[in-house]
Structures are given as C-alpha cells and as structure tokens.
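S.K.: Protein sequences appear in the order of chains A and B. Numbered as in my numbering, the first sequence ends at 286 without a single skipped number. Numbered as in my numbering, the second sequence ends at 546 without a single skipped number.
Simulated pairs of lysine to any residue, SDA-like, Cα-Cα distance not exceeding 25 Å:
1) 168(A) <-> 455(B)
2) 168(A) <-> 86(A)
3) 445(B) <-> 73(A)
4) 168(A) <-> 460(B)
5) 445(B) <-> 85(A)
6) 384(B) <-> 73(A)
7) 445(B) <-> 26(A)
8) 168(A) <-> 449(B)
9) 199(A) <-> 244(A)
10) 537(B) <-> 372(B)
11) 445(B) <-> 105(A)
12) 445(B) <-> 109(A)
13) 168(A) <-> 446(B)
14) 445(B) <-> 117(A)
15) 445(B) <-> 104(A)
16) 445(B) <-> 61(A)
17) 445(B) <-> 145(A)
18) 445(B) <-> 166(A)
19) 77(A) <-> 455(B)
20) 537(B) <-> 371(B)
21) 122(A) <-> 544(B)
22) 168(A) <-> 76(A)
23) 445(B) <-> 56(A)
24) 168(A) <-> 452(B)
25) 445(B) <-> 174(A)
26) 445(B) <-> 86(A)
27) 384(B) <-> 29(A)
28) 445(B) <-> 97(A)
29) 122(A) <-> 452(B)
30) 199(A) <-> 239(A)
31) 445(B) <-> 35(A)
32) 228(A) <-> 31(A)
33) 77(A) <-> 15(A)
34) 445(B) <-> 74(A)
From chain B, some residues computed to sit far from chain A (all C-beta separations above 12 Å):
35) 304
36) 312
37) 318
38) 326
39) 332
40) 357
Derived by calculation from the structure, the hints in this document are not laboratory data. Just so you know, even glycine gets a beta-carbon here, dropped at the ideal spot from N, CA and C.
The lines below spell out each chain.
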Amino acid sequence: MLTPTKPTSQDATDDAILVVDNIVVRFETPEGPIVAVDDVSLKVKPGEFLSVIGPSGCGKSTLFNVVGGLLGHYNGKVSVAGETIAGPHQSIGMVFQEESTFPWRTVTDNVAFPLELTGMAKAQRIERARHFIALVGLDGFENRYPGELSGGMRQRVSLARTLASEPKILLMDEPFAALDEQTRLLLGDKVLQIQQQLKQTTLLITHNITEAVQMSDRIVVMTYRPGKVKRIVEIDLPRPRTSEIVGSEAFGRYVAQIWADLREEASRGMRDEEKHTLSHPKGGAS
Amino acid sequence: MTDAAAPRPAMRRTIPPQVVGLSSLVAFFLSMELLIQTGVINRFIVPPPSDIIGSFGRVIVEENVFGRFLLTLSECLIAGVLLTVVGVGGGVLMHRFKLLQQACETWVAAMASAPIVLMYPLFLVIFGRSMWTMIMMGFVAALPPVILKTLEGLSSTRKVLVNVGRSFNLTPSQQFWKILFPAALPTIFVGIRLGLIFALINIVGVEFLINFGGLGQLINELAERYDLPGTYAAICFVILVSILFFMTLEKIERWLRPFD
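With the sequences and hints as input, model every part of the structure.
M.R.: Have a look at this one:
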C-alpha cells in the first residue's frame, strides 16, 4: 500500500544511476532573489520510472534544466553512474514540453538526427531511425513532415528522436501537457510499453497526478516555492500497466493521497499568484 | 426573431477570385479608353490603352526588348548573388556579435527606408557608366531587408529547438548549421525575395536615370522620342516582368521549402 518515505537523499538504494544531490537554484528578479529549488536530492535506480510532481512555480522545470545540464548556475551536484556532470550529457536524453521536432526534416530525418551526429552511415541510421519510429507506433509516417502530423504524433517523433540517441536516462518535462486527456492517457500507455520494453530509466516532470500514478514506480511530491521535496510516494501497482489501471481502487487511493499533499501547495501557489497580480495590475501574474 | 438569429447558410463561391481580379483590370482599361476617347483625359498625356496594346509588337520587335530584358535580368541576378552572400552574411554576423547588432541594427533599418537611388551620381563616379553602377545600386538599396530578415529569422528561432541542440551536445558550428540556419531559412527567403524586388526596382530606375543598360533605358529613350504609347508599353512590360519575377521567386521558395 502507500509507503511514503522521508524526503532525504538517503531514501534510494546505493546502485542509483542518477543522483541529484542538494540542488539549490536562486534567480534574481526585479522583486528580489527567488529560491526556485531548495535543497532537492533524489536518487533514481536503473530501469526505474520516477516522477516529480508539483504545482506551477514549484521549480519542476528548473530541476529538469539542472538535470539536463541546460542551467549552469546552481549549487549542488548531479551525477550519472557515479560521474559528476556539468552541462548536457550524452547519457541523458531530454523530451521537452513544447513541440520540438524540426519542421524542415521528415519524421525519419528527425529521428535520425542524433545518429547523424555520431557519424553513422546514412543507410544504417535510416534503418535505426525506422526501428524507433516503429517503437512509438508511427510506421507509415516516415516520409511525412511534422507539419503534416497531429500534436500527439509530433511528441512521439520527439520521443523517438531522444530514444534513438540511446540515453541511459530519459528525462521528460510534461511531454503531453499540450494534449487532450484521452490522447495523453493513450500516449502514457505507449511510454509505459516502451519504458518496460527497453527497461529505460525515466525521470518525468509533471503536474498531472493521473499521469504520474499511471506510469511511476515512485513519485516525488514538491512544495510550492521554494521547491522542496515534500514526500516521496512508492507506487505499488502491478506491472505491466496500461491506462486501464486508472479505474482501479488502489489507483484512486494514490491519486487521493497525492492530491491531499498537492492541494495545500497548489492553494498556496494560487494565493501567491493572486497577490502578485494585485500588486502588479498591468503585468499580471508571472 | 428566431429566423433572424439563425445562422445563415454558407454562400457558395461561384466566381473565382482570379476572374474578379482580371475583370477589374479589364474594367479599368475600358474606362480609361472611354475617358481618353471622349476627351476627358488628354490623349497627349495618357495614350489610350488600345494604342498601348497596339504598340506592344512594335516595341518588342524594333527595340530589342528581349535583349534588354536579359541585360536587366543579368544585372539583377548578379546583384542577387551579392545580396545573398553579403546580406545573409551580415545578418549572421550581427546575430553572432551582439555589440555589432546593437551598434548597427537601427541604421540598417533606417537605410531600408532611405531613397538610396538618389546616390546614383556617386555610384556613377565610382563605377562609371557601366552595368556595375546598376548592379551596385541595386545591391546597396536591397541590402537592408536581407540583413534585417536574416537577423530576425535567426533571433526568432524557437528556444526549445536551440535547447534540443544543446541537449544533444552540439558544437556551436553544428548548432548554427543544423538548427539556427534551417530554422531561420523561411524568414531569410522572405528577405532575399524582398531584396531581389528592391534590386529590380532600383536597377530599372538607374537605367532610366543614366540612360544606359536594359529596360529602364528603353523607357527613357521612348519617352525622349515622345513615343507615349511605346513608353507605356515598355512600362507595362517592366511591370509584367516584375510580376513574373515575383511569381518565379515564390515558386522557387515553395520548391525549396516542401515542409510548409
């Protein structure tokens, strides 16, 4: 059943492939310095699916940028398989929230992009790209341009492109946020299927409780600003999972518990946003 | 009340827009013809459209229009090559070096709206009465839109695409050639298309002013002979060439960008 653990860096086993250690991120704003992420520590085991969930403004995306190496100024340490990293690392493949396919490349050329960077021969990289296109269920669309595809299909192209680089860790920042609920659930199934097939270590940043419970082994619940680890919840649901699990009683209990944790934080965020809007009537909330 | 509030059925489009456009043009020429033939407009200032159409064959055969067209076109193409190399290169440099952008962007933008054609005496002194005066005038006058559009295209590349490049650990050169440049290409094309049209206008203008070269010189010669139908026929020919030029550029652009 529910087995929340203490929000410390000691809560995972020592064979962690990804270690996020005491990360603190501060931003300077016109209203003064803001601590976006405050002393966050995580450990992710090989093959594990870990989600980080929190309300808007809890520093989730900042944490995504820190782990992905896109943010330079922070205190703390990120290491992959024991090696401390500073900056983007080939072991970490990122899938972004915004639509990020290259509109000037066909689906095959998009997916083959990371292989092209390695200098792989054209015939070989097309073959590899087709394998990953099939994996995300886009066979038949190899020669289409992203402009001809739906939002969900484009996100699958982005996922296939990242998987083609064969990262040790798949890092995703709300990849389905712009999609409707049904598509999101079905794509969740696809991600789960791929993750289980490839035994892919995955770190998902999300604000969607259903998505997090549907896919994760553990869920890290973050507090509203400054973003801290509030609780880590182990999701003890059977695998392999599909979206059908959302109707189960156990699923509902996990959702309820995480919402109970999140509700207080989301309310705090909403109040803060209202206060900010009142004090900056023209600019609105940031 | 209910009937009035109910949505109206969509009207069926029966007349194609091209037909409407062409009909307006024909209506304009017919009314001009009527106004000139009835003496409302002086025929020694504006010749009737029927005279202009009648002189088309004469202008084409006697005045070597195709030879002049090829000359103007070659001047435009040389200016176009210079524009693409220097204009796109300038935009890339301004994007790469922020100081250069901050220092130059305003005056490049100001240059875009300046009547550069008035500098033709200076160019005449530097390059002499040769085709290079026209080429360089066309090139200089058309440079600002190419630089500015290149800069705009590179600067407006979506941040997430740059971040994708960063996540794959691209070198600065790979980041430019594999992400920034292809992402900016549609906007750069717009700049080149605008630049080539500016170049054509200025080249024909300077040919007219210095009475040398292709189609612009033809208009000048016919006007000096007071051959008004011939002059207007030559002007129509230049307009026709401009339209064809514009349409060809659009076609090339579409062919080069199949993903749009």
